[in-house]
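K.L.:
Residues per chain, in single letters:
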Amino acid sequence: MNKLIVSPSPHTHGRESTQSLMRDVLIALAPAMLVSVAVSGWSMLVLILVGAASCVLTEFLITKYLLKRPSTVSDLSAVVTGCLLALNLPPESPWWLILVGSIVAIGVAKMTFGGLGQNIFNPALVGRVFLLVSFPVLMTDWSDQGMFFGLGNVDAFSGATPLGAVKEALKNGATLSQISVDDLTFHQQFFLNIGGSAGELSALALILGFIYLLCRRVVKVTIPLAIFCTVFVVSGIFWLADPEHYTNPVFNVFTGGLLLGAFFMATDYVTSPMTTKGQIIFGIGIGLITVFVRYFGSYPEGVSFAILIMNCAVPLLNKYCKPRRFGEVKK
Amino acid sequence: MTGTILFTIACLVALGLLFAVVLYFVAQKFKVEEDPRIEIVEKILPGANCGGCGQAGCHAFAENVVKAPGMDGFFCPVGGNPVMTKVAEALGRAVEEKAPMVAVVRCNGTLANRARTNEYDGYASCKVMASLYAGDTGCKFGCLGKGDCEAACKFGAIKVDPAKGVAVVDENLCTACGACVKACPKGVIELRAKGLKNRRVYVSCINKDKGAVARKACGAACIGCGKCAKTCPFGAITVENNVAYIDFNVCKMCRKCVAECPTGAIHEVNFPPKPKPHEENV
Amino acid sequence: MKKTFKIGGVHPHDNKISANAATEIFPAIETAYVSMAQHLGAPATPIVAVGDKVKVGQVIAEPAGFISGYVHSPVSGTVKAVAPRADIAGNMVMHVEITVEGDEWMEGIDTSDTIVKDIPYTPEEIIAKVKACGIVGLGGASFPTHVKLAPPKDKKAEALILNGTECEPYLTSDDRIMQERPEEILIGAAIMMKALGVTRGYVGIEENKPAAIAAMKAAAAAFPQIRVITLKKRYPQGGEKQLIDAVIGRQVPSGGLPIDTGAVVQNVATSLAVYEAVQKNKPLIDNVITVTGQCLERQRNFKVRIGTPMSKIIEEAGGMPLKAAKVISGGPMMGRAIANLDAATVKANGAILFLTEEQTRRKPESSCIRCAKCASACPMGLEPWLLNKLSRAGGRQAELEQERVYDCIECGCCSFTCPANIPLLDMIRSSKAEVMKIMRSRPKK
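Residue numbers (this note's numbering), protein chains in the order written: chain A, 683 to 1013; chain B, 5 to 286; chain C, 223 to 667.
Since the hints were made in silico from the structure, they are not lab data. Among the hints, erroneous ones may be present.
Said to hold, decoys possible - Here are some, though not all, of the chain C residues that point toward chain A, as calculated from beta-carbon distances under 10 Å: (1) P391; (2) N430; (3) A559.
Keep in mind it's a predicted model, so treat the numbers as computed, not measured. Beta carbons: idealized from backbone N, C-alpha and C, even for Gly.
Next comes chain A alone, as it looks inside the complex:
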């Protein structure tokens, strides 16, 4: 008979593992990925595959040969980073663009800090921002998506995102009623049709994915809820004050990758706070910075920067926002 096993308690374990959680995130991303491939074609599929593969390869090579540790790619976190990065790029991007992005995302943003669990910044977002700053033209070329919207009096900017177009027009002195943003019906925004990064294409697909994550108890609704409420309320205040120069809150919630960012990037375990109080503050911060960058900054889109900036605040939030204690003694 084999020797008895002896260990401290507990002697049993729940069903979740890092791998099962990452797998659930991939399943949640599947609707959005499918929609983007259906709309944008093979180039999108290539992006997703190259992205996932190059992230995995980068992590494998660095872990095994540089750090001389056992490979960690089986936990699927690199695959998730690759897919998220693909969803953040214009669908017509060349394959080498995402290859470079993946190497930066995994090599610089994740492995230099020590690998999974040690990074401060969201790797996919670091990759995206790096590409945005290094290849600005490629990263803002949204041509030929087959469906884009008319902008009333102003020339149709084929190839711009709604946010980009609106920002350009506002800068050129037009007012919103002239641009008739309301042409973008809510119906269109919700299901399909907006020009934008692959991940922005379908709000419905993203929401479905997020509901799956909630049901599987992978994430809590705290961070996205805080983000949406903040964006809605703050942009609502500005819009009420001056509807001609500030876009309406619904438009703000559904465009610019806010859904993708709030559902999948801001909720990344490693780079978000670990207590409910901290998560609420984190979400509010992201919402505020997003709105301010959109309204007053020079970039049309603020979600990536907002999340990365709030990532810096996370260690502080973890230190000072403690969970609700049992039997709290009120002094």
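Assemble the complex: chain A is given as a structure, and chains B and C must be docked to it using the hints.
P.N.:
The following block gives chains B and C in isolation, referenced to the frame of chain A:
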């Protein structure tokens, strides 16, 4: 264009100079007055901040030794006698040379000698294992082999040998700081005199069970038979609680006890191999 | 809306596969090995010598301090030895070894099945009887019951809560006694309420025991001051602090004791033992033990005399199952893995659980992904990831105290939940002990 650049450079230089002056005066005003000898002594010390001297780091050692009237109670095990002589010189005092010490793991319970009776599946920490139960062998006194000593050692001098399953000390790296002794929850490790020519003799077992029980658990255990104590010409060995102990201050390293021990529990370290009997008669 | 505790908790599968195994009397043994460490606190001092003849229920050891208790012989026969013997962890503890001869009980012990309802004793008499009969908390902690029934002068008891939740998976001994002897349990509760001077009593039972709830509710009709409360199935519903939170909505203050909320909690098995002690003069010499596990062919609930070697119980249950890789005394969340199967049972042993390699082998640890699921699961609102990190770093006792490591109830929810398979509780338990030692050694203000 050039005007802007020149103006910027001039501004930054002026700011830099201003800050330098301010910082200088602030540093002077808030300077902590310290006996200059403290810094001198601190420079002599190895700077490992290991706490082996019993002080809270090298600076604390320097502070306290300068304040103290003599050199008693101060010894840096990492620097050893050379460093202590230099410190004494710097303070104009005399110091006695101390015999160098080394950590010794008193356990023969290797995988070959001591059968494992169950399998430990908890976190690899001797502290956790020791507080959980009597261990994964029949001997509840011996080395657990999970490496708390290895983790505590700042000099990489003690490691758990995976082939043996017990901790092994590298005497060339060991500074006798005592960190491993504190870390071991079983009290298996002892600081002993390194010995003349780095030779020493010690009982590598602390099993206090009765002889038969100890032997059943481990083939090289000390059974407390007392043969070593009887044979020692210098009275260096005492047997208490079924286990023998050699006082390293009394031991003259004649090795008679090593030959007498029926289980091989007593170790002799760094001695040349004894010539075989028949060779002597040539 | 069923009641439950407010913070944390996990949902392991309850595996109550032995729920239908009616309690059987364990057959007579040949030798009893009675440990002196049957309770929290100082081991009792033996008062018998080799060669003495003893009867069932005879005192064989006396308390050795304030937190200590009497130990009685579970068998009749001759004392063979008073010597150290290994317990389940392999540590040597003093035992009294008795060779069994017949089954003769001490005079005065009522061994009949008649239920005695009247309680004509004063609180002081009750507490004295409970002490004299060696009753200890049978929920696992083995705290001497007579100490708990006499709270210090500055703490006022307001309610008695009986713990019938049995939240540990696999265990069903409490379920069985609630179904089989509900009235006696409630009389025991009434006795304890009289001793404490309280008029409110509750019995908390998890919803996965419908038969026990029905039986207890039916019997409680005769006890208007005692209410049976159904609780949500959630681990650790049976944790003392969590139970008080669920039943009366009060939380034991951080670093405090349950009596600070006015509640006194006792396990249903302890209540039954109190009934037998006060009404039948029967000391605590036996307990119901669940023998269970998927790899065991037939699930059992045995009423076993203390001092029975575990190996004998395993033999009677059909022998060691082939697939068993770990044998646990207790449940899978807080039980203790047995290293020495020859160890004898003690008063608070409630189960022998067999787990297979697949069910229990720990998976390799990987890096923390900062998911904070451990913090969400902790019923005390602590942050296990942080406590573990500080513990492994070493020398951080001050911060550990600040992070309330002393509030940890060692329930295991954190390790159970961690997706990276980090054994959080292993090191937290270790530093909890260190920090509490430091706290206790401080001079009292």
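K.L.:
Run every hint past the structure and note whether it holds.
P.N.:
Results for each hint:
1. The interface hint given for P391/C holds, since its Cβ lies 7 Å from the closest Cβ of chain A, which is under the 10 Å cut-off.
2. The closest approach between the C-beta of N430/C and any C-beta of chain A is roughly 17 Å, which is over the 10 Å cut-off, so the hint fails.
3. Contact between A559/C and chain A, as hinted, is supported at the beta carbon level, the nearest pair being about 4 Å apart and thus within 10 Å.
Of the hints listed earlier, the one the structure fails to meet is number 2.
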